[in-house]
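K.L.:
Those sequence lines, one after another, are chains A and B.
Reminder that position 285 of the first sequence reads as 285 in the numbering used here, one-by-one numbering, no gaps.
Reminder that position 209 of the second sequence reads as 209 in the numbering used here, one-by-one numbering, no gaps.
There may be inaccurate statements among the hints.
[Said to hold, decoys possible] Simulated crosslink set (DSBU-like; lysine-lysine; CA at most 35 Å straight-line):
{"hint": "1", "chain 1": "A", "residue 1": "K216", "chain 2": "B", "residue 2": "K47"}
{"hint": "2", "chain 1": "A", "residue 1": "K204", "chain 2": "A", "residue 2": "K240"}
{"hint": "3", "chain 1": "A", "residue 1": "K204", "chain 2": "B", "residue 2": "K76"}
Hints were generated in silico from the structure; no laboratory data involved.
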Amino acid sequence: MLRWQTWTGVVLGLAIGIGILNLAGGGRRPAPPAGAILSECDGHLRELVIQYEPSGREIVATPYRDFLGALGSDITVDVVCPNRAAFDELLSFAGRVNCTLRPIIVNHPMTTWARDRWVALAPASPTGPTTLWSQPGEASAEIWPARAGDERIGVDIARALGAPVFARRSPYFFDGGDFLADDDTVFVTPRVLKRNIQVTVATKEMFISNLASELKRRVVLLDEAPEHHAAMFMAVAGNKTVLVGDPQLARQLIASGTNASLDSVELPGGPDFSGETQHRFDAVAAQCGATGYKVVRIPTIPACDGRSFLTYENVLIDQQGARRIVYLPSYRGAAPLNDSARKIWEGIGYEVRPVDCTSTYLHFGCLHCLVNVLKRS
Amino acid sequence: MMKTNNLAAIGSAALVTATLTVALFLPGFLNAGNGGDSATVTIAQPKLISHGVQFTLTAAGNQAFKAGDAPEFELKAINSTSQTADVSVRISMTSSAPPNRMSRMVMLPAKLWEKTCPLTLNPNETKTVALKTDTKLPANSMIEVLLVPVGENASTAPAAQRPNSGGFIPANGSSAIVALSYSTLVLKLQPSAAASKQPRDELSYSSLVITPQSAAAVSTQPRSK
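Here chain B stands alone, though its shape is the one from the complex (with noise of 0.2 Å):
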């Protein structure tokens, strides 16, 4: 009888101990090693900094997008200097097309709205500029919205040039950066689609209504050309 009591007191206790341990540290053990080691740090406001103004972009009242809407959006600039500064922004909205799932990559993004915004700002002031763009967003698309600097070599030829994607040179100079980026595309699964050897051809696109938690959490994810 002692024997037994001994036992199952030794039993518990290993039990208990080895769940803790194994909940405890299995998520990190599991993430290090052979491909987990992304340390990747995420810029939770993308900042362009032009001329000393440092420039922020969001959505007007963290406004919920989906297709068809008109986003709004509020340009914050902060000039931290001690002089006055005359700075001109250009902040530009594309679209780009689902993959095709045989390519390698995307269609090239193309323009679906573009405003330049010059400021002067005195030292040390904060400007907030409401931008409505009046452009409704398209269904099935990714879609950025860049801050690009106007005269540093954002951009390098007049948009017309270019017979490919509308004619619009998106970011293709050293300074601009994705200031948002949103998807109105999602993979509407069939019933049976979850398993992971389904066909591709029985996965459809269809309309996402961007949510403002699904819309915080895919601003912050780049998404390439």
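For reference, chain A alone in the conformation it holds in the complex (with noise of 0.2 Å):
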């Protein structure tokens, strides 16, 4: 028989260990309904996430300067740095800029890409958290301590931002960059299958209804396409219009072109223009006409090594009522090549703002690699 003494510790014991376990689970909440894949064109900017990393310096402090340099007073910036003097590292070679930084120091090794950590969805309701939805673990994490600590990072911006944003980690492997939404259908790249298939869900058909349904888009998976991330080889314009790289067209316009030439641009093995690589962006283009998109085409240069693309396509968007923005990649010693992008999207309505990534597209990413977008007007 158990006296009362035994039954008031109990209860108090019970009370002890809801404590602790409140305290240690501080700020978890229980996930809250998430809305749709956030757009790349619609709505104005309001808050980004970038990640700087100082081994990275080299890579992104120009495309940054460029970037945080064109942007307007009333956007904010959320910068994962490792630690603080990172960020001030950041702040003395970003220059004068009227967008706000606000650091977020995690404290863990991370790299500087911050577009594959996760995908934004919007709040499903105009109250409710954003949704930063990331992958179950990151691809080479075991061996690799920075992409360990990217892990991390989802969960790291939904502790530093509060209430605002939610971090939901996904069933799926996927890196941020398989993604390329509008408002009406998100783009996937092959690749995601290849991760998923028979290691997360059975068949085809099952993943592309159960990413619709986390989504919240019509999804359309890529049977065909450079092995990349999406926009590396293709970009989402507005009113039902992509991008679609095209390697030939590039090569066309160095043919002609009398000051065209590349031998200024490092392109790793060289420049690809076989018909095997352009086969693989014509089969992107030819899908999204088939699923009722207008294709333009615009040059694109892949290197050999397969990685490496001078391209045009990997854009951040910024939607302001009826003014559209492109922040567009520009590099050193491709000038044609520049005028021509620079034309085709001004010739879709597009304000361009260059940003120089020349330091940036031989490690396999470009500006929108290294930008995520948190949150849209």
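Combine the two chains into a complex, taking the hints into account.
P.N.:
Listed below in structure tokens is the structure:
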């Protein structure tokens, strides 16, 4: 027979235990409902996320300076850094900016590539939080400390920003750059299917259905595409328009221009103008066209390493009412291509703000890969 | 004296109860909500279904691979239909270089070995095919073994047309699966490198001997390109 002292102790112990659990799980909330994946081209940019790691300074300093310097004063940029010194270093080379730079110090290793860490799902209600949807684990995290740190970035941001942001892990493997969405459709690269089929999901059909349910958009899984993230070879531009890279267009431009040359542009292994690579770009264009999109081709040069792309699709888009702005990569030594790309974007109604990405593309990413979007109005 | 005994009894019961409560519920509590609600279901044995035939691939005899070994596999095909099946499947083994620490992603995979297996299976017949790769696994690489259905839009162009990735198209089709994946990569930490702020330049790679346990562990983990 238990005495009253024991019962009192049990009740007291339960209260203490629950208190400890609450303290240990401080800030954790049940997952709130999430809305659709954020469009790449609709709405005014309000809050962005970049990552800065001092060892990547040579890669990102110039594009960050160009990009941050071009942003308006009503935009906040959350700068995820391993420590305060890194944030101060970024401030030192960013120069004068109008936007607000807000540090998020994480105290662990990380890379500079913000795009792939998570995708933003819009609030399901006007007062609801934005959901950062991260994959269950980064590729190579077990042997790559910075990638292991990257696994935590979504949660780091949610903890730093509090109630307006909620971090949730997906059951599926992906990089944020594998998705490209507008307000109707999300295009998904073939590599996402490869990472998940018979790993996290049994069939392709089930995967597409589940993704559509999670992202709340029509899912177009690209059948064939260059083996890279989506924004390396295509861009969604609004009004049911996509831009798709075209190596042959770039080749013709080089061949026809009197001053056009790629001599000063580094492309590991040289440019890849092969029929097979062209076929993959064309396959993307054909599939986008078949799904009801107007397709505009734009010069792009993939290198023979299969990873370094001189791309003009890796952009950030800002819609301010009827005004559309594109932050467009440019490359030193590639003026004819830069000019051609600028005209193409202007031709579909965009105001172009160039961002020098010469130091970035040889590391297999570009402007879009460095910047993630948390909020649009 | 009586009061002291009462307080001791209450304290003991409270301590035991609080400890049990925390021990039982803390792990689940930490996994709930912000960032921890992963519900990833890992399929233990990937299967490729082609023309009604189910293919699986395993390391022969649960072989433990290390850099320098030539893997041997067993391809198992099960025709559970009531009709004879003529099917063909390609088994491709690829390797990827370790990631450049500054890069956004790893290099494209290169072909190590490839074999196409045409099979005829009677109704409800099961066949097992032994496969010797005679190809040594490179050190410091990520290895994938893919099952690619032949004649089902698995690849689109002759391999030789493409200059990158050794002229090899691993799996850009809609039906190919990664049947096995291995790593001969390992992070060899310097004695002081366990600290989270250790500069990455002090980290180096060396070959990893894959034990049966680690091979089983990594074989179900997808690795991206």
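K.L.:
Each hint should be assessed against the structure and marked as holding or not.
P.N.:
Evaluation of the provided hints:
1. A:K216 x B:K47: Measuring from Cα to Cα gives roughly 29 Å; hence the hint holds.
2. A:K204 x A:K240: holds, 25 Å
3. A:K204 x B:K76: holds, 22 Å
Violated hints are absent here; each numbered hint is respected by the structure.
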